Each structure stands twice: as structure tokens, then as C-alpha cells.
Amino acid sequence: DGGITQSPKYLFRKEGQNVTLSCEQNLNHDAMYWYRQDPGQGLRLIYYSQIVNDFQKGDIAEGYSVSREKKESFPLTVTSAQKNPTAFYLCASSMTSSGNTIYFGEGSWLTVV
Amino acid sequence: GNSVTQMEGPVTLSEEAFLTINCTYTATGYPSLFWYVQYPGEGLQLLLKATKADDKGSNKGFEATYRKETTSFHLEKGSVQVSDSAVYFCALSDPGRGSTLGRLYFGRGTQLTVWP
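Heads up: the sequence lines are chains A and B, in that order.
With the working numbering, letter number 5 in the first sequence gets 5, and the count goes up by one each step, no holes.
To convert, count from 1 in the second sequence and add 113; that's the working numbering.
You can take every hint at face value.
Covered stretches of chain B (in silico footprint by chain A; criterion: 3 or more residues with CB under 8 Å from a CB of chain A, positions within the stretch not fixed): (1) 153 to 162; (2) 216 to 229.
Chain A side only, calculated, beta carbon under 10 Å to chain B, not exhaustive: (3) 37; (4) 41; (5) 90.
Going by beta-carbon spacing under 8 Å, a handful of chain A positions derived as facing chain B: (6) 40; (7) 45; (8) 101.
Please keep in mind that the hints were generated in silico from the structure rather than gathered at the bench.
Remember, it's a predicted structure, so these values are computed and weren't measured experimentally.
All C-beta atoms in this analysis are idealised placements derived from N, C-alpha and C, irrespective of residue type, glycine included.
Using the sequences provided together with the hints, build the complete structure.
This is how it looks when you write it as C-alpha cells:
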């Protein structure tokens, strides 16, 4: 089945550690996105990528890094510089970055302990 | 800039009641408008969308009409069910200039709970 796969679903991290969240899509979409969701705040854009080997910062990129070496993959690293990393992270993709419908993965819960 | 304001929740209704969740927006260009739904512990699913003024998006009994004159995209359903309990997000995608093409701007979400 076509879709967006995020892993792991649940992740615990100790303070000071980096962690990488995986996002893979087999929809042949050009654009991919990472959003962060906190209770009562909606979704905020962390990073997005319109094509392979290119990506741009969103509204809250500090403490995060991404790569886009393959069209189908857009991993997100939450670094130790992110002050409040506990959140629900959503990966998304779209056919092009021209306003087409954006589809979401199931999300990854990150908890810092 | 671009922003979305939606009705704050939580909204609690009895089964078969009429639902309205208000959504208004500001945009620099001519946005596409979306409603997404999120069930507990899951990602977001597209519920409906409209890409130009006066378009009506509809799906699963939900409807929303793109009103440019009032910059609104209110979500309605004539008779809600328990299974409609979820968080609903209004969003816009502004196909404007530069490198921000295609990104979504979200409202804060409205929690809907439907009781039998």
C-alpha cells in the first residue's frame, strides 16, 4: 500500500542525546515536511524539502536537522540543542510544493526522560 | 502574513446534533483551504478541501464552503455520530512566492466529543 511510514512510533530519549526519526514515503511525492504538534498549539513547521538534496527551515528549526539524500526519505534529527523536545512529530509529503494536498504519516511520540 | 483562526474547543454534542466549527483565515495570496481530522494517537487525515472561492468541499457528510468575502471556511455536519469524535484542524496552503510554496498553516485545532 502507498503511504508515509514513520518510525519509531514511540521513542524515549535521555537529555543530552540526539535522536533520529525516520520518515519514508512511497507516493513518489516531491515535497516532504516535518511538523511538531504540542497540545493546544496546532502544528508548527520544522523543516521542509521540495526536491532531493535541498531543504529549508520552517518556523521552529532551531535544535533540529534534516537530510534529503533520497526522494523517498526525509529523516529528522532532534539534537541536544532542542530545549523542549518532548512532542508528537508528524512527517508529511505532497506531489509538488505548489499547494497540492499534503498527506501525513501516523506520527512519532518523542519523550525526553 | 498567513494565519488561521478556528473556534476553540472543546465542543461537546449529542449524537445526531448539528455541528459547526468556525474557521477564518488571512492570506497574502489566493490560498487553498483544508480541513484535517486527527483521531487519538494518529496522524492527520484530509477530510475535505477547496481550492478557490465559492468551492464547496465535502466528505463523509461534512461540508465547508470557501467564502472569500468573509475569509471563512466553516466546517458543518448535519448529524454527528460518536465516531466523529476527534480533533479537527483548519489549514491553508498559500501558493505564493518564493520557497514557501505548498506549506500548510494550521489553526490550533478543535476537539469534538460526541456522546451517544
